[in-house]
Amino acid sequence: MSNLKENLINKEENGMDFKFTEEQEILKKSVRNFMDKECPREYVRELDEKEEFPFELYKKMAKLGWYG
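Numbering (our numbering), first residue to last: 1 to 68.
Any given hint could turn out to be false.
Said to hold, decoys possible - Result set (DMTMM-like, lysine to aspartate or glutamate): computed pairs, CA atoms no more than 25 Å apart in a straight line:
| # | residue 1 | residue 2 |
| --- | --- | --- |
| 1 | Lys60 | Glu42 |
| 2 | Lys59 | Glu42 |
| 3 | Lys29 | Glu56 |
| 4 | Lys63 | Glu25 |
| 5 | Lys60 | Asp48 |
| 6 | Lys37 | Glu25 |
If you're looking for bench data, these hints aren't it; they were derived computationally from the structure.
Model, not experiment: these values are computed from the prediction.
Start from the sequences and build out the full structure, keeping to the hints where you can.
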């Protein structure tokens with residue numbers, strides 16, 4: 001058995017839990033909803049083609065407190 005596999009098994013046996021907490025799940029869903037609404041694929045492609053930076057998008061994310 002490889003060392004990596006052994007380490008993963010040992011961590012599971014030692015009670016390591018890598019599941020998201022309820023708070024992390026809420027944040028994950030919030031980010032997904034925001035990005036689906038504010039940053040659709042077409043918008044990203046347009047920004048890429050025009051070689052533009054989405055300043056307004058980053059301002060919105062900052063208002064949500066995602067930058068600390």
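Structure-based check of each hint:
1. Lys60 with Glu42: Holds, because 19 Å separates the two Cα atoms, which is no more than 25 Å.
2. Lys59 with Glu42: 20 Å, holds
3. Lys29 with Glu56: This hinted pair holds, its Cα atoms lying about 21 Å apart.
4. Lys63 with Glu25: Given that 25 Å is the threshold and the Cα spacing comes to 20 Å, the pair holds.
5. Lys60 with Asp48: 19 Å, holds
6. Lys37 with Glu25: Within the cut-off at roughly 18 Å; holds.
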